[in-house]
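Asker: Going line by line, the protein sequences match chains A and B.
According to my numbering, the stretch in the first sequence is residues 45 to 597, in order.
According to my numbering, the stretch in the second sequence is residues 210 to 550, in order.
It should be emphasised that the hints constitute simulated quantities derived from the structure, not laboratory data.
Note that beta-carbon positions come from the ideal geometry of N, C-alpha and C, so glycine has one too.
Where hints are given, some of them may not hold.
Cβ-Cβ distance ranges computed for the label pairs, FRET-style [to be verified]:
# : chain 1 : residue 1 : chain 2 : residue 2 : range
1 : A       : L90       : B       : G352      : 38 to 46 Å
2 : B       : K297      : A       : I278      : 55 to 63 Å
3 : A       : D355      : B       : V392      : 23 to 31 Å
4 : A       : G593      : B       : R229      : 21 to 29 Å
5 : B       : K297      : A       : D179      : 35 to 43 Å
6 : B       : S372      : A       : D97       : 40 to 48 Å
7 : A       : A155      : B       : A294      : 50 to 58 Å
8 : B       : E431      : A       : M387      : 53 to 61 Å
9 : B       : V234      : A       : W123      : 54 to 62 Å
Simulated pairs of lysine-lysine, DSSO-like, Cα-Cα distance not exceeding 27 Å [what the hints assert, rightly or not]:
#  : chain 1 : residue 1 : chain 2 : residue 2
10 : A       : K156      : A       : K209
11 : A       : K306      : A       : K514
12 : A       : K342      : A       : K365
13 : B       : K511      : A       : K209
14 : A       : K514      : A       : K356
15 : A       : K442      : A       : K342
16 : B       : K511      : A       : K156
17 : B       : K396      : A       : K306
18 : A       : K474      : A       : K342
19 : A       : K570      : B       : K511
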Amino acid sequence: MAELIVPKSESQKNLALRIFDFISSMPTAIFLLCMVAGLSVIGTVLEQNQPSDFYLSKLGPFWYKVFAAMGLYNMYASWWFIGILAFLVLSVSIALVRFGPRVWRQMQPLAKVPDWPGDAATMEVAGEIAAAQPDQVRGVLHQAGFREFVRGRDGEGNELLVARKGRWAKIGFFLVHGGVVIIAVGGLVTSHFGFRGVMNIPTKDSADIVYVQDGSSYREIKLPFEVRNNQFAIDYYHTGMPSDYRTDLALVGEGGKVLAAKRITVNDPLTYKGITFYQASFGDAGSAVSFVLTDLTKPNFPQQLVHSNVDKQLGDEMGNKINISELRQHNVVNMSQDAGKQMLRDVGPSLDVTLQSPANGTITYRVYQLYPNMLAYARMGDKDMTYDDLGFSPGDGKMMALLAGYLKQLEQSGAATPDARRAAFAAAMKEQGVPADRAAELGPVIAHAADVLRRDALPMLFSFSDFTPKMYTGLQVARDPGSPLIWIGSIMLILGLAVMMYMPELRLWVRFLQSGGDATLQLCGKSAGRSEMGVELLLERLCRGLKTGVLPA
Amino acid sequence: MNEKTLELKGSELSVSPSNRVLYWVSLLIIMLGLTGLTIFFEAHSVGPGTPFDKLPSYKWTTYGNLLFAVSAVVYIAHLWLPAEAVGKWATGLATGGTIAVLVGLLARWFEMHEVLQDGHAPVSNLYEVTMLFSAVTVLIYLGMESAYRNRAAGAFVMPIVLSAVGFELWLVYDGQASPSNLVPALKSYWMYSHVLANFIGYAAFAVAAAMGVMYLLRANAEKRGLGADAFAIRAFPELRKIDGLIFKAIAIGFPVFTLATVLGAAWAYEAWGGYWSWDPKETWALIVWLTYATYFHLRFVKGWVGTRMAWWAIAGFGVTLFCFLGVNLYLSGLHSYGKLG
Ligand code: HEM
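So that you can see chain A by itself, here it is in the shape it has in the complex (with noise of 0.2 Å):
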């Protein structure tokens, strides 16, 4: 190891020792660390693991493929990156070793003399000193802090007294770089034997099966046990908001003997036997659902209860699809007037309903069941839902047959002026057997739907009636025998980076003067980092108990 340390001279270095050389350098250091922070600059602008659509149509199909080659989809499990990532961890392995046993010797007891440094603060004391000999100088510096000393003599012949704290701070070099070395380790080792997949299970369902993303497909891998929800539940702030996810999970080994069971909740996971189950989302496991179809297509507004599931779909013969896409059973909106303010509110379950229609193209419903006279719907395209309040609900067939029955008599007479229109809905209201002194009641309120209805051109209207949910928990699964090394590594390199910074090294001279029968003193003194202040203000106290004796407060 020695001549790696100490060439003889760069002639006789042969090649691997000039590579070693230069991977350790500090110029390969700094452009390894400024090349790892300027890389990562480029995932962080654009969006990691999206699918491809995504990339297509913001980049064009050239720049697709040519990001694509790069690998710039998922650009930190990259070659590349990962390459570059290795060689800056190869990089302070062979630091530690090609420069770790020269910070080793500096944190050896001094053995001579250090000479006095040209470029540090220097302070004197003359006059009357009480500590002017070098023990009592000593005596002084020991209350300071200092605990190492070596006496000699300077160049001219003056005697020299040289102190030192922070004799220990430069473990920190081994600390540091040793720590970033073992957090490698660490995640190499999670990486290779490890896994981390998710696992999604309806309550009262179990399954042993983990899938692991591997690139952009999945990898399974079997547990040797049943995992099993036992119940899945949300629990809620009063305003509506989720509060926590928690799931009662339970391990079943062979011969349904239960071999660990907790509550976990999203800061709370479960491990055993080294595989740990996180709480870590949750979704909609195929809810019942009911709802009241209006179909504004046909004549007089047909009406059908229909009995679904989230995400299945249903189809007709016209080749419309309905896909039930999502049930929240909790909306929280604020209700405040005021844009500053909050006031927010749960308004109860909502469905969406997406509605493709070769006529009409996509068109996605959001109905409420507790607010069933809302009308929101997107277009395909549209940035933000449209609502309105239809004055009543389109399950109310009553309701939809009077409406269907008025636009068809607005139709057939043409009705232009408000007189007209008055007497086409007086026609509709006889039609449907309405009695005539509801008139003022209802007029307004079809009317509004009316032109609503003729204004948004809508195929079909939904109302929400019912819904029975079935959730599953979302599990992540992990196995990290990495993880020690990662933490042992993670405290070393802040324990590390405390003793450098916190408590650096100090080296104090004190030359000793003669000059007539008075004694002057010189101080000098040097901090790793070079900060000066502290060290002026430290001479001058030291000065001053120099001076007389005593170290000040």
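For chain A, the structure is supplied; the task is to place chain B with the ligand on it using the hints.
Answerer: Chain B with the ligand only, in chain A's frame:
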């Protein structure tokens, strides 16, 4: 070489280290006392749905911010008015401001129980963490001021603090200052320590950048031959010393920032089973970390000091700011607590 012969002018040496501890402890007690009194006397005015600008904490924050503003003016004036009394006023006002803002934050913690019926530390939205940032920045600066007995940097640190205050006012105006419930993943003790440590790091880097600006101003004045007694420059420490102060500020921040990152990893590990997911906030934290790791190598090993390192400190804070705010403004990811709407 700078050699000085010590002249002993009686024993007027300012605060000694042991008195300094006493000083900080008494400030802590004052702060806790005021928080206690606020909670005790004003609890009745707080309940579910109380708008945040009617909360006692909001009053404290406003006082604190006002004190910061006045203190900034006095610090800047102190560059031209070297009287010790002016400096003491500047320090006193800044100290008072920090206490007020911290009382505001602690009171808000209590109020959160009442308003949201969910008590969580006030470190969960952009408004709260900006307050934390301003208070911690002033604290770190004041710590350095008392350790190194020099007030010149205050004139550069306080404007950064005032920018944070301005940002807070904008958040208030934009309706983003109300406390809100925490999403489940954020409900973790790891989060408190993670956020707190992060902001100690950010604040230290801010102080370093302020000192970097001071360095460049003086270096520029010297280069133009204005000499050490040109206008305000006379109040600045010598270049070598400012350089050392910049280093100190970064050296204070870096280990804590490293700790913050590890705490964040520990938290993510407990919540999701993965330490690191390369989400933009995490990645930018790494970029900040690497920026300062490079700073130390350049300084310790390559011996870089002076102008280049002053620029490095300023640019480093630019990267830090992007990590703090830019990520929330321009990028998307897991750390959505401070999404700007
Ligand atoms: C990855 C993050 C890194 C951190 C946080 C870090 C931190 C530090 C610190 C704080 C010092 C100052 C020690 C002192 O002299 O008191 C230092 C020194 C040093 N670092 Fe790093 N370092 C890192 C990476 C690297 C890399 C990639 C190399 C590769 C060559 C390296 C090689 C060195 C060397 C050779 C020294 C000088 C040791 C001496 O002689 O004092 N470091 N490092």
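Asker: Please go over all the hints and tell whether each is borne out by the structure.
Answerer: Quick rundown of the hints versus the structure:
1. Roughly 41 Å separates the CB atoms of A:L90 and B:G352, a value that falls within the hinted 38 to 46 Å.
2. For B:K297 and A:I278, the hinted distance range of 55 to 63 Å is satisfied, since their beta carbons lie about 56 Å from each other.
3. One distance hint, 23 to 31 Å for the beta-carbon pair A:D355 and B:V392, holds here, with the actual separation near 24 Å.
4. For A:G593 and B:R229, the hinted distance range of 21 to 29 Å is satisfied, since their beta carbons lie about 24 Å from each other.
5. Distance hint check: the CB atoms of B:K297 and A:D179 are about 41 Å apart, consistent with the given range 35 to 43 Å.
6. In this structure, B:S372 and A:D97 meet the distance hint of 40 to 48 Å, their C-beta atoms being roughly 41 Å apart.
7. Judged by the Cβ atoms, the range 50 to 58 Å given for A:A155 and B:A294 holds: they are separated by roughly 52 Å.
8. Distance hint check: the CB atoms of B:E431 and A:M387 are about 59 Å apart, consistent with the given range 53 to 61 Å.
9. Restraint check, B:V234 to A:W123: a C-beta distance of roughly 55 Å satisfies the suggested window 54 to 62 Å.
10. Simply put, A:K156 and A:K209 have alpha-carbon atoms about 16 Å apart, close enough for the 27 Å limit, and the pair holds.
11. Between A:K306 and A:K514, the direct Cα distance comes to roughly 21 Å. Compliance with the 27 Å bound is thereby established for this hinted pair.
12. Of the supplied pair hints, the one linking A:K342 and A:K365 holds, its CA atoms being roughly 17 Å apart against a limit of 27 Å.
13. For the proposed pair B:K511 and A:K209, the alpha carbon gap of about 23 Å is at most 27 Å, so the pair holds.
14. With a C-alpha separation of about 13 Å, the suggested pair A:K514 and A:K356 falls inside the 27 Å cut-off, and the hint holds.
15. Distance restraint check for A:K442 and A:K342: the Cα-Cα separation of roughly 16 Å lies within the 27 Å cut-off, and the hinted pair is therefore satisfied.
16. Distance hint between B:K511 and A:K156 is fulfilled; the C-alpha atoms sit about 25 Å from each other, no more than 27 Å.
17. The suggested pairing of B:K396 with A:K306 holds, with an alpha-carbon distance near 19 Å, which does not exceed 27 Å.
18. Distance check on the hinted pair: A:K474 and A:K342 sit about 21 Å apart at the alpha-carbon level, within 27 Å; holds.
19. Between A:K570 and B:K511 the alpha-carbon distance is near 17 Å, which keeps this suggested pair within the 27 Å criterion.
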